[in-house]
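*Asks:* Protein chains in written order, with this note's numbering: chain A, 197 to 554; chain B, 238 to 487.
These stretches of chain B come out as covered by chain A in the derived footprint (C-beta under 8 angstroms, 3 or more residues):
hint, region
1, 274-283
2, 300-307
3, 335-349
Using C-beta positions, here's what the derived DEER-type ranges look like:
hint, chain 1, residue 1, chain 2, residue 2, range
4, A, 416, B, 321, 35 to 41 angstroms
5, B, 274, A, 379, 46 to 52 angstroms
6, A, 398, B, 263, 33 to 39 angstroms
7, B, 455, A, 307, 43 to 49 angstroms
8, A, 416, B, 455, 34 to 40 angstroms
9, B, 381, A, 397, 47 to 53 angstroms
10, A, 523, B, 383, 53 to 59 angstroms
11, B, 455, A, 424, 43 to 49 angstroms
12, A, 410, B, 383, 25 to 31 angstroms
13, B, 460, A, 276, 47 to 53 angstroms
14, A, 523, B, 381, 50 to 56 angstroms
15, A, 416, B, 384, 37 to 43 angstroms
16, A, 307, B, 392, 26 to 32 angstroms
Straight-line C-alpha distance at most 27 angstroms; calculated DSS-like pairs for lysine-lysine:
hint, chain 1, residue 1, chain 2, residue 2
17, A, 399, B, 436
18, A, 397, B, 438
19, B, 436, A, 389
20, B, 438, A, 399
21, A, 397, B, 244
22, A, 397, B, 436
23, B, 438, A, 237
24, A, 389, B, 438
25, B, 429, B, 486
26, B, 244, A, 399
27, A, 237, B, 439
It is worth saying that the hints were derived from the structure and are not from the lab. Just so it is clear, CB atoms sit at the ideal spot from N, CA and C, and this is done for glycine as well.
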Amino acid sequence: MAKVLMKGNEALGEAAILAGCRYYFGYPITPQSELPAYLAKRLPQVDGVFVQAESEVAAINMVYGAASAGARVMTSSSSPGISLKQEGISYIAGAELPCLIVNVMRGGPGLGNINPSQSDYWQATRGGGHGDYRTLVMAPNSVQEMADFTLAAFEYADRFKNPVLMLSDGVLGQMMEPVVMPAPKDYDMDSKKWSLGYTGKDKTARNLCTSIFMGQEELEEHNWSLYQKYQVITDFFKANKDLAVEEYLCDDAEVVLVGYGIISRILKTVVEKCRKRGIKAGLVRPKVLWPFPSDVFAKLADKASKFLVVEMSYGQMVEDVKLAVEGKKPVYFFGRTGGAVPSDFEILNEVDKIVRPD
Amino acid sequence: MKQVFGKTNVLSANPTHYCPGCDHGVVHRLIAESLEELEVADRSIGVAPVGCSVFAYDYFNIDFNQAAHGRAPAVATGIKRTRPDSIVFTYQGDGDLAAIGTAEIIHAANRGENITVVFINNGIYGMTGGQMAPTTLVGMKTQTSPYGRDAATMGSPIRVSEIIATLESPAYVTRVTVNTIANQIKTKKAIKNAFTLQKEKKGFSFVEIVCICPTNWGKKPTDAHKWLTENMLPVFPLGTFKDIHGIEKA
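Here chain A stands alone, though its shape is the one from the complex (with noise of 0.2 angstroms):
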């Protein structure tokens, strides 16, 4: 396919229909909005579904409903109306039902404002919703990424029956770049044998999608099993590292910097620079957030002598850097919150404190 110049929110939705995604409630907010508007033109095309919601609670159930019905389906929001998407989220877990939730972060807490950030971790890799449950969640740093990683993450969904947040941001959902659109996906929702409404010959007894348990040792068998799941994906990424995290001239490297999605970009360029200044600075960008990929984390700090976390918040994914770091080396941090987008020379200047203590 030919390269073609598209932003992130607008890949993200080409990606989905090519992913066999049929199925799209949502509700506007910046900025995120170009998806919904890109998708309520794209799916009568297909002939697919999109239904502007009443509510982000709405729309999370209305996925709810199509997830457990057999479709490849999604919804997307910005921070604020994700929080409202959290009932629904851990009700879709509880129930072991696949979907793709995008969240297009932008500044918090409370309405903040529009400008990118990714003061959304904690939330996105701890649950957000209540109870005891995990969402996979993916952190494309490219519109390129929006694009394949939105093939992956209905791959995953269905394989782990279990829902997988898209974390992105302002800038990359915004942002033009050139995309080559990946090769489409067939999908057949009677693959799904115990989705609602299925029909098949080979159906013996009525399906159920739910997620009460009223019997504690009901529950708790449940959780245990659900457990046992969130076991497996972690083992799958751990067994395919290249899935979950990059890594970026980290063998020789004295010091690590690490952040995600954007911020993996312009840590590159910071990357190349220290390198031209004799600093011997490597990367780690994880593309996965949750399973973290700490066993690499565990690994480099046998070797680095010091990591330096970025992120557009006032730091949280740096507990979970230190967590795998075990205390073996420093973990520094630096973030530009409130929407702000750190520049190369701001983060240089941290690695030159880091470097070259006065």
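Assemble the complex: chain A is given as a structure, and chain B must be docked to it using the hints.
*Replies:* Frame of chain A, contents of chain B only:
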């Protein structure tokens, strides 16, 4: 011997968790019989609410989804849009539908979703122990209105059918009750009308059923039905508020 009555196969054989004298069992049977008679049970999908009927799925031998509190119409929207040939219905109480789920019910109705909503109005929250509902009568004592519902500070009962009927899209909006055998027969007819419209893809249908809650009303079932007739029905008048395809005359 000639069999004059039988249990529909759409109802399961599970023992009921509902209180003695509760109307849920009657309404469940009317729904199950309607689905069987319309020959749509094998492609029917129910959506259970939060409340006493959270376990409604235990009593129907059809596919079911259990939704979050008030969200059943949104969940039903997602199911119906995905499986348009299914017969999709929600079964919701007054706390679920008329309080926390107000937005979802109004907008599902306004989009004209081709689903059926069965709304159980007994003027109280049952499962949580008898709190005030949006449909609680003025003066009625509940756990959270121990001195009686005061219209000045707690509002007056919401008449949901009348609200839904102001919208352009809904095809059928009716209020019935199951306080007598005659009214149970009328309720069955209303439920069957609603599912018939859905089967014919004629739009959103809404059946409000005024019911009793003997446990939380603190009354014997017979007394509760008498109380319903004397107190609930003047506030929630029976009748059909919208029938754009004239199914009741057909």
